[in-house]
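*Asks:* Below are the chains, spelled out letter by letter.
There are 2 protein chains.
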Amino acid sequence: MTDSTAKTRQIFIVSDGTAITAETLAHSIMTQFPDLRYHQTRIPFVNTVEKAIDTARRINAVEKEEGTRPIIFTTFVEPDIMRSFNELVSGHIIDLFRKFVGPLETELGMKSAHSIGQTHKIRDDEKYNRRIAAIDYTLTHDDGQTNRGLDEADVILVGVSRSGKTPTSLFLAMQFGIKVANYPLIPEDFDRGALPDALLPLRSKLFGLSISPERLSEIRNERRPGSRYASLANCEKEIADAENLMRREGIRWLNSTTKSIEEISATIMSELGLDKRKA
Amino acid sequence: MTDSTAKTRQIFIVSDGTAITAETLAHSIMTQFPDLRYHQTRIPFVNTVEKAIDTARRINAVEKEEGTRPIIFTTFVEPDIMRSFNELVSGHIIDLFRKFVGPLETELGMKSAHSIGQTHKIRDDEKYNRRIAAIDYTLTHDDGQTNRGLDEADVILVGVSRSGKTPTSLFLAMQFGIKVANYPLIPEDFDRGALPDALLPLRSKLFGLSISPERLSEIRNERRPGSRYASLANCEKEIADAENLMRREGIRWLNSTTKSIEEISATIMSELGLDKRKA
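Quick note, the sequences are listed as chains B and V, same order.
Residue 280 in our numbering sits at position 93 of the first sequence, and the numbers go up by one each step.
Residue 453 in our numbering sits at position 266 of the second sequence, and the numbers go up by one each step.
It should be emphasised that the hints constitute simulated quantities derived from the structure, not laboratory data.
Errors might be hidden in some of the hints.
Same chains, same label: a pair holds when it works inside one copy or across any pair of copies.
Simulated crosslink set (BS3-like; lysine-lysine; CA at most 25 Å straight-line) [unchecked claim]:
(1) 194 to 314
(2) 314 to 446
(3) 251 to 238
(4) 194 to 298
(5) 392 to 446
(6) 446 to 238
(7) 238 to 286
(8) 424 to 446
(9) 194 to 251
Being a predicted model, the structure only gives us computed values, none of them experimental.
Between the sequences and the hints, there should be enough to build the whole structure, so can you do that?
*Replies:* Structure follows, in structure tokens:
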């Protein structure tokens with residue numbers, strides 16, 4: 188990033204599936220090399236030997252053109268496709284999948300699905316339905332839109348406007364299939380010095396998001412530039428009031444200022460003891 | 188899952204970060220063993236040596252109680268924490284992270300951040316802001332709510348009600364930070380035999396979702412049981428009309444019936460050429 192003479196490395200993420208998880212993990216691994224300049228291409232659905240050969244040739248052509256060896260992350264489930272790809276491609280291969288299956292066969296004393304010729308599993312409809320229901324619920328219960336069915340929520344997020352409630356709610360619903368409602372804390376609540384009535388019987392499900400006043404002001408200014416709503420003074424007051432209210436009501440909360448949506452979500456899951464799940 | 192006498196394996200996913208990516212990858216790897224009965228626990232934020240020791244002891248206690256060796260997926264960034272954990276814990280360890288960093292140092296001819304004692308990176312604010320903006324845009328442009336700013340969309344999904352447009356839109360916004368609008372195709376459009384006017388100038392951004400009438404009827408019956416809207420006959424007609432319209436208008440589409448949200452999203456990204464991104 189700093190040395191303009193350094194060549195850009197090509198990173199490929201190749202999979203017979205979506206390659207989305209592999210891309211995220213590859214990104215985490217590559218952040219260990221902050222000075223590396225690289226360009227990342229995800230190549231999903233390489234699910235036939237023909238596509239594997241085409242993809243390998245395409246990557247080899249890039250290598251020839253650029254003159255640097257590509258880094259290739261792979262997550263092939265199908266051994267034949269993986270072999271065809273590996274035999275032909277030139278580059279540093281990081282296998283995020285097959286490498287672990289062999290040792291696991293030994294550890295578990297059982298053959299993997301592909302060792303015994305089993306075909307791909309079809310979609311897990313139960314999980315799909317649970318995610319869709321959670322997303323529906325979360326959209327319906329975004330921003331305190333309705334109190335109806337609020338007791339069905341697994342988690343109810345509270346916090347001032349633009350503290351990160353909506354993206355966090357949606358991530359939790361999408362990733363974990365849990366039903367999240369979120370409820371804004373507004374100046375009327377602070378004046379009254381109490382939580383909205385609808386939340387009182389659901390205290391155990393509440394989790395608060397706070398944020399630094401500077402960052403909140405920045406975010407609000409994106410939306411309503413120069414408004415009183417976005418002013419630092421107003422943000423400072425709202426945050427102080429919200430934190431006082433949460434402290435008084437015994438609501439757990441975290442400060443979202445420097446956290447990613449994933450980190451905020453994982454912290455909430457962990458604090459509320461939702462990390463254990465049956466497979 | 189089938190043999191009730193088989194012991195349930197304990198799977199742990201342990202990380203100094205959120206362990207979310209590791210959990211997803213672990214799940215993909217474990218689906219290679221469809222006959223294994225297991226119970227999965229994610230343990231995030233093990234980010235001190237003390238926590239590593241506590242976690243190792245906790246896992247060892249479970250092993251003793253259950254009498255089977257746990258499978259432990261790890262993604263420690265910090266070598267000291269990893270070492271403390273690995274020395275103490277008993278189980279089959281699958282290291283999804285550090286194992287690849289050493290060989291990459293050799294390949295790239297550079298030291299990783301932790302080898303040279305660099306501290307953790309702070310949050311990537313630009314990426315965070317892009318995701319938040321994309322989620323905001325997508326929520327505002329869900330279900331054809333407004334035509335204002337429709338031309339700012341990276342993708343516009345079309346399809347009949349409950350064909351999967353909203354979850355797909357939100358996943359694309361959240362995962363890839365792209366702005367997605369979605370627009371329902373309704374009986375009025377089929378009667379007129381044309382796309383809604385607002386979409387005509389944006390044809391290159393359109394992507395269609397279709398679904399089997401049986402599955403659509405099932406999904407709609409969840410929401411409005413026994414309605415004409417949910418009846419198989421009506422679903423068959425709407426799907427046939429929508430597919431005819433998309434065919435006539437030259438809109439690419441996919442059938443979402445057996446696909447996960449990730450697969451639908453990855454297919455759209457791939458079809459629209461959005462897989463290349465700079466890091």
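*Asks:* For each hint, tell me whether it holds in the structure or not.
*Replies:* Checked hints:
{"no.": "1", "hint": "194 to 314", "verdict": "between (44 Å within a copy, 24 Å between copies)"}
{"no.": "2", "hint": "314 to 446", "verdict": "between (28 Å within a copy, 12 Å between copies)"}
{"no.": "3", "hint": "251 to 238", "verdict": "within (20 Å within a copy, 47 Å between copies)"}
{"no.": "4", "hint": "194 to 298", "verdict": "between (44 Å within a copy, 17 Å between copies)"}
{"no.": "5", "hint": "392 to 446", "verdict": "within (22 Å within a copy, 33 Å between copies)"}
{"no.": "6", "hint": "446 to 238", "verdict": "between (39 Å within a copy, 20 Å between copies)"}
{"no.": "7", "hint": "238 to 286", "verdict": "within (21 Å within a copy, 29 Å between copies)"}
{"no.": "8", "hint": "424 to 446", "verdict": "within (22 Å within a copy, 47 Å between copies)"}
{"no.": "9", "hint": "194 to 251", "verdict": "within (13 Å within a copy, 52 Å between copies)"}
Consistency note: the structure conflicts with none of the earlier hints.
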